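K.L.:
Here are the chains, one letter per residue:
2 protein chains.
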Amino acid sequence: MIYKRNKLTIDHFDVGSIAKKYKTPIYCYSLKKIKKNIQDLKINFRNINPLICYAVKANSNLGILKEIRKNNLGADVVSGGELTKVLKAGIKPKKIVFSGVGKTSEEIEYAIKRNILLINAESKSEILEIEKIAKRKKKIVNVGIRLNPNTDAKTLSQISTGKKENKFGVNQKIFLHLVKTVKKSKNLNLKCLSVHIGSQILSYKPYQSMLRVVNKIIKKSNYNFEYIDLGGGMGIDYDHNKSKLDLKKYSKNIEKFLKTNNCKIIFEPGRSIMGNSAVLITKVIYIKEGFKKNFIILDAAMNDLMRPALYGAKHKIIPIKKINRNSKKSYEFVGPVCESTDTFATVKNYQKLNEKDYLVICDVGAYGMSLASNYNVRPKPLEILIKGSKIQILSKRQKISDLM
Amino acid sequence: MIYKRNKLTIDHFDVGSIAKKYKTPIYCYSLKKIKKNIQDLKINFRNINPLICYAVKANSNLGILKEIRKNNLGADVVSGGELTKVLKAGIKPKKIVFSGVGKTSEEIEYAIKRNILLINAESKSEILEIEKIAKRKKKIVNVGIRLNPNTDAKTLSQISTGKKENKFGVNQKIFLHLVKTVKKSKNLNLKCLSVHIGSQILSYKPYQSMLRVVNKIIKKSNYNFEYIDLGGGMGIDYDHNKSKLDLKKYSKNIEKFLKTNNCKIIFEPGRSIMGNSAVLITKVIYIKEGFKKNFIILDAAMNDLMRPALYGAKHKIIPIKKINRNSKKSYEFVGPVCESTDTFATVKNYQKLNEKDYLVICDVGAYGMSLASNYNVRPKPLEILIKGSKIQILSKRQKISDLM
Numbered sequence: 001m002i003y004k005r006n007k008l009t010i011d012h013f014d015v016g017s018i019a020k021k022y023k024t025p026i027y028c029y030s031l032k033k034i035k036k037n038i039q040d041l042k043i044n045f046r047n048i049n050p051l052i053c054y055a056v057k058a059n060s061n062l063g064i065l066k067e068i069r070k071n072n073l074g075a076d077v078v079s080g081g082e083l084t085k086v087l088k089a090g091i092k093p094k095k096i097v098f099s100g101v102g103k104t105s106e107e108i109e110y111a112i113k114r115n116i117l118l119i120n121a122e123s124k125s126e127i128l129e130i131e132k133i134a135k136r137k138k139k140i141v142n143v144g145i146r147l148n149p150n151t152d153a154k155t156l157s158q159i160s161t162g163k164k165e166n167k168f169g170v171n172q173k174i175f176l177h178l179v180k181t182v183k184k185s186k187n188l189n190l191k192c193l194s195v196h197i198g199s200q201i202l203s204y205k206p207y208q209s210m211l212r213v214v215n216k217i218i219k220k221s222n223y224n225f226e227y228i229d230l231g232g233g234m235g236i237d238y239d240h241n242k243s244k245l246d247l248k249k250y251s252k253n254i255e256k257f258l259k260t261n262n263c264k265i266i267f268e269p270g271r272s273i274m275g276n277s278a279v280l281i282t283k284v285i286y287i288k289e290g291f292k293k294n295f296i297i298l299d300a301a302m303n304d305l306m307r308p309a310l311y312g313a314k315h316k317i318i319p320i321k322k323i324n325r326n327s328k329k330s331y332e333f334v335g336p337v338c339e340s341t342d343t344f345a346t347v348k349n350y351q352k353l354n355e356k357d358y359l360v361i362c363d364v365g366a367y368g369m370s371l372a373s374n375y376n377v378r379p380k381p382l383e384i385l386i387k388g389s390k391i392q393i394l395s396k397r398q399k400i401s402d403l404m
Numbered sequence: 001m002i003y004k005r006n007k008l009t010i011d012h013f014d015v016g017s018i019a020k021k022y023k024t025p026i027y028c029y030s031l032k033k034i035k036k037n038i039q040d041l042k043i044n045f046r047n048i049n050p051l052i053c054y055a056v057k058a059n060s061n062l063g064i065l066k067e068i069r070k071n072n073l074g075a076d077v078v079s080g081g082e083l084t085k086v087l088k089a090g091i092k093p094k095k096i097v098f099s100g101v102g103k104t105s106e107e108i109e110y111a112i113k114r115n116i117l118l119i120n121a122e123s124k125s126e127i128l129e130i131e132k133i134a135k136r137k138k139k140i141v142n143v144g145i146r147l148n149p150n151t152d153a154k155t156l157s158q159i160s161t162g163k164k165e166n167k168f169g170v171n172q173k174i175f176l177h178l179v180k181t182v183k184k185s186k187n188l189n190l191k192c193l194s195v196h197i198g199s200q201i202l203s204y205k206p207y208q209s210m211l212r213v214v215n216k217i218i219k220k221s222n223y224n225f226e227y228i229d230l231g232g233g234m235g236i237d238y239d240h241n242k243s244k245l246d247l248k249k250y251s252k253n254i255e256k257f258l259k260t261n262n263c264k265i266i267f268e269p270g271r272s273i274m275g276n277s278a279v280l281i282t283k284v285i286y287i288k289e290g291f292k293k294n295f296i297i298l299d300a301a302m303n304d305l306m307r308p309a310l311y312g313a314k315h316k317i318i319p320i321k322k323i324n325r326n327s328k329k330s331y332e333f334v335g336p337v338c339e340s341t342d343t344f345a346t347v348k349n350y351q352k353l354n355e356k357d358y359l360v361i362c363d364v365g366a367y368g369m370s371l372a373s374n375y376n377v378r379p380k381p382l383e384i385l386i387k388g389s390k391i392q393i394l395s396k397r398q399k400i401s402d403l404m
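Residue numbers (our numbering), protein chains in the order written: chain V, 1 to 404; chain H, 1 to 404.
Only chain V is shown next, with the shape it has when bound in the complex (with noise of 0.2 Å):
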């Protein structure tokens, strides 16, 4: 994403263009970006050669999901939804993980009869649920047990998942219980221990603690973990001042850890994939003086882009043309969605803005469309994907039609 004579282009497409010819709102991602994060992982890892499995609740589009099986990764679901949706894309069964703390029976089932590489169980209930239906269906099915390392990864507390509060995982002591049940279990092959301390994690330190936690166990259970499924969490440069996650330290503390233990590392990166490939196109419908600050009403909201509302999170807006006049007031940028929360910055210094200008809010490739809803009965945006010379529609803009 660079501006050519301060117009914003996408890998060579000029953005004021896309907006005119598609109408806005439009999710427009790069495959060239894609490509990139996932040769980033592969080169900054490739000591460590893990099985990445793509953590599908970023972004569960088809045609996204297709490109990931081209790129031969694997993926990592948490339902019987994104299950069916990734062997529709033609992902291998071995190279599926399945999470989450609410598997339910069928599927279960449904996970067993695909032969997927693991169930990664996350309480004592479900391994007892997944015997159940192995015994039944005269199966062995390879699981893995998640930990909960009691790791705080420092990032929003709405997105971390390794603490002892959260309800991710077990603790140390049901972990090497639940180690000796399935080792007893004749339908159960235990291959996995699995982890996951959060989301955009911006320093390899929270990573290190969970490494020293998850050897300590290993130690302890004596047990030899085929897999070790170190999840996902990777942070990305949302502030755009290059807080990026080291991922070369993150590699090094693995290497080291790994030369005790002799196991295939498994990732779940979502975000670190898919975060910095989107932009949300948009217009400025009104500009409306307020409080000490212009509202600049934008024809994306809430429904479209959760994150600002869920999370308090802060995403990038540019503008699609460069200008070098600055408006004397703050900008508040906000959606036409009925509600206070659908607000998404307030900017100081921003250049001045028209009515019926388009910006871009950046780096929406992850959570953004997974997430969006039909509130207040919106339409959801049109997906894109620029594709080397060409735009790929990957899903299209919804009709009001289809909300009746």
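Hints should not be assumed to be uniformly reliable.
Claimed, not checked - Anything over 10 Å on all C-beta distances counts as not near chain H; from chain V, calculated:
1. R5
2. K21
3. K70
4. R114
5. K138
6. K183
7. N189
8. L202
9. S209
10. S251
11. I265
12. P319
13. R325
14. Y350
15. I391
Stated by the list, open to error - With the C-beta cut set under 7 Å, the calculated list includes, among others, these residues of chain H facing chain V:
16. S79
17. E126
18. K288
19. F295
20. L310
21. Y375
22. L403
Note that these hints are calculated values from the structure, not bench results.
Small disclaimer: the values here were computed from a predicted structure and weren't measured.
Beta carbons: idealized from backbone N, C-alpha and C, even for Gly.
We have chain V; now place chain H onto it with these hints.
P.N.:
Showing chain H alone in chain V's frame:
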């Protein structure tokens, strides 16, 4: 909703039987309750005889809208989608008001074409846009102007809308300026002053302040408004401790207001009509030992009911079968979605629960399904309406195949 021999019933239907028959999660509405709520409004505001325009954003199910129409209410819409839907439900254009800060040209054109009662404009730009379209269409359009009264509704900050920092309405100075502008226009007919200070308001006092501000500005404007649209925001008893807005007191304040202002009152209630009319029936998938508490993992999740994750809202969760034994540990009720925000409530001294037990999450009729999404590729739940001795399917459960 009452217990009969310790079993939860809604309008004589046994909730357990409903759960078994239709499978969970289910949004289950009671028409009796909806009618009662409408009746309550009509009775409490009898002396005012307001035009009640149901706020469609609270719940836009077509079946519900048809019931709203049968009860002779109008509608408050905030998008072209909502407008299309209420017209489809048969609500008369002359009972429809259009609110919202970001009405597009297409939406305004549509509203003008359908001759709705009022377009309540929220900015100078919008007024100009309506005028431009009205002129082009050679029409005279009835408009309102929304005043931001800078009144603190003393509700959750996320759902406060009438403070000067909120995006809604215009301040007094701009309001007076716009009154002049519209008076001069040949294509606009100024009919209404509208105001709305927020949602889930439990005291009549913020309304009292609001009315004082409105009274003052009417005097200053020296204009005879045919309608005063007081919005909605009437709070309901989510806590089940009788903390409900005193409608009678609110009515008294309005009656006083009307003594010096000869106008028709419009209300835009959504939550107070729909909120307590529905429960979300859900099943316990697993019970899982946590740190100082047990997690009750439900088959309903944040994608089905967003309010707890989005606003930190609390909804009572009650069992469909009462027993006399309490759990020693606290329970945290969570959904299966892979997010720490997917949690509903933590409760002490709850009755002892077992896996596969059914529960209901209360008061989900407003801002429940309207905010639902397919996050984690989860199909949206079934919606049913109890209608006397019959059960009507309001919308079918989505299938996974619908989400591909």
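K.L.:
State for each hint whether it applies.
P.N.:
Now for the hints, and whether the structure bears them out:
1. At roughly 30 Å from the closest C-beta of chain H, the C-beta of V/R5 stays outside 10 Å, upholding its exclusion from the interface.
2. Every CB of chain H lies more than 10 Å from the CB of V/K21, the least distance being 17 Å, so the non-interface label holds.
3. The Cβ of V/K70 sits about 18 Å from the closest Cβ of chain H, beyond the 10 Å cut-off, so the non-interface label holds.
4. With 10 Å as the threshold on Cβ separation, the claim that V/R114 sits away from chain H holds: the shortest Cβ distance comes to roughly 14 Å.
5. The non-interface label for V/K138 is consistent with chain H: the shortest C-beta to C-beta separation is roughly 24 Å, beyond 10 Å.
6. The beta carbon of V/K183 sits about 20 Å from the closest Cβ of chain H, which is more than 10 Å, so the claim that it is off the interface holds.
7. With a minimum CB-CB distance of about 21 Å to chain H, V/N189 clears the 10 Å threshold, and the non-interface call stands.
8. The beta carbon of V/L202 sits about 18 Å from the closest Cβ of chain H, which is more than 10 Å, so the claim that it is off the interface holds.
9. Interface exclusion of V/S209 from chain H stands, the closest Cβ pair being 17 Å apart, more than 10 Å.
10. No Cβ of chain H approaches the Cβ of V/S251 within 10 Å, the least distance being about 25 Å, so the stated non-interface status holds.
11. Listed as a non-interface residue, V/I265 keeps its Cβ farther than 10 Å from every Cβ of chain H; the least gap is roughly 20 Å.
12. Every CB of chain H lies more than 10 Å from the CB of V/P319, the least distance being 18 Å, so the non-interface label holds.
13. The claim that V/R325 lies off the interface holds: its Cβ sits roughly 20 Å from the closest Cβ of chain H, which is beyond the 10 Å cut-off.
14. With a cut of 10 Å on Cβ distances, V/Y350 stays outside the contact zone with chain H, its closest approach being about 16 Å.
15. Non-interface status of V/I391 relative to chain H is upheld: no Cβ of that chain comes within 10 Å, the nearest being about 22 Å off.
16. Of the supplied interface hints, the one on H/S79 holds, with its beta-carbon coming within about 5 Å of a beta-carbon of chain V, less than 7 Å.
17. Taking 7 Å as the C-beta contact cut-off toward chain V, the hint placing H/E126 at the interface holds, the least distance being around 6 Å.
18. Interface restraint check for H/K288: the shortest CB-CB distance to chain V comes to about 4 Å, inside 7 Å, so the restraint holds.
19. Taking 7 Å as the C-beta contact cut-off toward chain V, the hint placing H/F295 at the interface holds, the least distance being around 5 Å.
20. Restraint check, H/L310 versus chain V: the minimum CB separation of about 6 Å is within 7 Å; hint holds.
21. Taking 7 Å as the C-beta cut-off, the interface hint given for H/Y375 holds, the closest approach to chain V being about 5 Å.
22. Checking H/L403 against chain V by beta carbon gives a least distance of about 6 Å; that is within 7 Å, so the hint holds.
Comparing the model with each earlier hint shows no violations; every hint is respected.
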